[in-house]
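Engineer: Chain by chain, the residues run as shown.
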Amino acid sequence: MAEPPLLEARGLTRSYGAVRALRGVDLTLAPGDVLLVLGPNGAGKSTLLRTLAGLLRPQAGTVAVRGRTLSGDDPDARRPIGLLSHQSLLYDELSLLENLVLAGRLYDVPEPEHHARAALAAQGLSDRAGDRPRQLSRGMLQRAAIARALLHQPALLLLDEPFTGLDAVAGDRLRALLTTLHEPSRAMVIVTHHAGEAWDIATRVGVLVSGRWALQAPRPDDLRAFHLTYQELARA
Amino acid sequence: MRRAIRLALVLAAKDLRVEFRTRTSLLSAAVFAALVLIVFNFARDPTAVATIDLAPSVLWVTVAFASVVAMNRAFTTERENAAFDGLLLAPVSREVLYLGKYLANLVFVLLVEAITLPLFVLFFNVGLGHALPGLLLTMLLATAGFVAVGTVFSAMVVKTRFAELMLPVLLLPFMVPPLIYAVRVSTPLFQGRPLSEVVAGLRFLALYDVAFITLSVLLFSAVVDE
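Protein sequences appear in the order of chains A and B.
For the first sequence, position 14 matches number 14 in the numbering used here, and the numbering has no gaps at all.
For the second sequence, position 123 matches number 123 in the numbering used here, and the numbering has no gaps at all.
Treat the hints as calculated values from the structure; they're not laboratory data.
Quantities reported herein were computed from a predicted structural model and do not represent experimental measurements.
Treat the hints with caution; some may be incorrect.
[Stated by the list, open to error] When the alpha-carbon atoms are kept at most 20 angstroms apart in a straight line, the in silico SDA-like pairs for lysine to any residue are as follows:
{"hint": "1", "chain 1": "B", "residue 1": "159", "chain 2": "A", "residue 2": "86"}
{"hint": "2", "chain 1": "B", "residue 1": "159", "chain 2": "A", "residue 2": "17"}
{"hint": "3", "chain 1": "B", "residue 1": "159", "chain 2": "A", "residue 2": "222"}
{"hint": "4", "chain 1": "B", "residue 1": "159", "chain 2": "A", "residue 2": "87"}
{"hint": "5", "chain 1": "B", "residue 1": "159", "chain 2": "A", "residue 2": "57"}
{"hint": "6", "chain 1": "B", "residue 1": "159", "chain 2": "A", "residue 2": "16"}
{"hint": "7", "chain 1": "B", "residue 1": "159", "chain 2": "A", "residue 2": "46"}
{"hint": "8", "chain 1": "B", "residue 1": "159", "chain 2": "A", "residue 2": "15"}
{"hint": "9", "chain 1": "B", "residue 1": "159", "chain 2": "B", "residue 2": "221"}
{"hint": "10", "chain 1": "B", "residue 1": "159", "chain 2": "A", "residue 2": "56"}
Can you build the whole structure from these sequences, using the hints too?
Structural biologist: Here's what the structure looks like:
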């Protein structure tokens, strides 16, 4: 029997009152895929990402990770997912180490403290392990959030505008990290406003406009030509 | 099952650790309880109503309001940095999330009650004596029930603009049955009657607990899943 795709979304529909954020969105990702999702403001990018993470319930359609439908009844279906969102998902009253140990326990990571320290070290935050999130700069907080998202070695990594608020050095550092995270066993969905930020590691690009795919295709070689196409799609 | 209990304890410990670091809610609830007792103490006319008749009602009204103040905090810390998303994303069932929150709230409200009770004895000069074990059992049973409902409602209202206002409006009607029975049980206990005389009231409180803990566990998923 063929192995199910790492991620399979079918007919995702989601509205906020009269606003239809997603209108029947389909998406299939195999291990190794890196999908860059672009679109104008209000296109439904963040809604799509939160729905793929299982944080939003679609009003129609399904999301399955490794063949298991995401729902409150099957918590293990969420285990392969890692999310880097606009916010750090960290508790302000806990230190970085305590935050990561907590996450480790929730994901059944063996020796959570050891792995939490290793995850912080990988992000260059060993000396800040005892600090609270509010004591960190934006770049450091982003790295702490990355450490949390990667702690359980997720096979599906969802990133919502990961470059927002980062300076050039931190942006380069994140790009280098994403390159190392691009493994044959892992798929990534990167929502961004600027295609150039993660163009080199993307294997596919998708353009969402008004809650629908205006384009979903293998990543073209020419970023400049794609940019013109994107502008036309976004205007339409 | 063992994993579920372990995770619920991990989550409850996290909540209590966060609370003890800030102490804001615990202090607020304790100060609030003291103020309510002071107001009752000076507002009553001891020649009109005997203290022993009034005391149980005053105790439970104070506990009820202080508990609402305490439970308001249950999900507010989860809003910071969207930390609750991190919990919803984890491979942990909603029932376990509820149980963790419930246990933390229960410990927290019982702590508030542990502060309130000596203040109550001090202000109302009520000798607890033989009534203490029965009163503690009543407090545990009554608290277990309304905290179960309060945990669900605090998850519900945290997304609203006036969470602090909404929680008492929603919760107080559900607190009325356990409060009535808590007063009915406490009054004879304060009068020195044996525990065997209040078994029916305690049984009602236990039934309320079973019913509302079960309902709350079942409802929690619908409340937190957007």
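Engineer: With the threshold set at 20 angstroms, check whether the alpha-carbon distance from residue 159/B to residue 221/B stays at or below it.
Structural biologist: holds (15 angstroms)
Engineer: Hint check: residue 159/B vs residue 46/A, CA-CA at most 20 angstroms. Holds or violated?
Structural biologist: Roughly 19 angstroms between the alpha carbons, so the hint for residue 159/B and residue 46/A holds.
Engineer: Run the distance test for residue 159/B versus residue 57/A: straight-line Cα separation, threshold 20 angstroms.
Structural biologist: holds (16 angstroms)
Engineer: Under the criterion that the straight-line Cα-Cα distance not exceed 20 angstroms, is the pair residue 159/B, residue 86/A satisfied?
Structural biologist: Given that 20 angstroms is the threshold and the Cα spacing comes to 18 angstroms, the pair holds.
Engineer: Does residue 87/A lie within 20 angstroms of residue 159/B when you go C-alpha to C-alpha?
Structural biologist: Status holds; Cα separation ~17 angstroms.
Engineer: Taken at face value, is the distance from the CA of residue 56/A to the CA of residue 159/B at most 20 angstroms?
Structural biologist: holds (14 angstroms)
Engineer: Given the proposed pairing of residue 159/B with residue 16/A, does the C-alpha separation stay at or below 20 angstroms?
Structural biologist: Holds, at about 15 angstroms.
Engineer: Quickly compare the C-alpha distance for residue 159/B and residue 15/A to 20 angstroms and report which way the hint goes.
Structural biologist: Status holds; Cα separation ~18 angstroms.
Engineer: Need the status of pair residue 159/B, residue 222/A: alpha-carbon distance at most 20 angstroms?
Structural biologist: Judged against 20 angstroms, a Cα distance of about 44 angstroms means the pair is violated.
Engineer: Do the alpha carbons of residue 159/B and residue 17/A lie within 20 angstroms of each other, as the hint requires?
Structural biologist: Within the cut-off at roughly 16 angstroms; holds.
The structure is inconsistent with hint 3 alone, although it conforms to all the rest.
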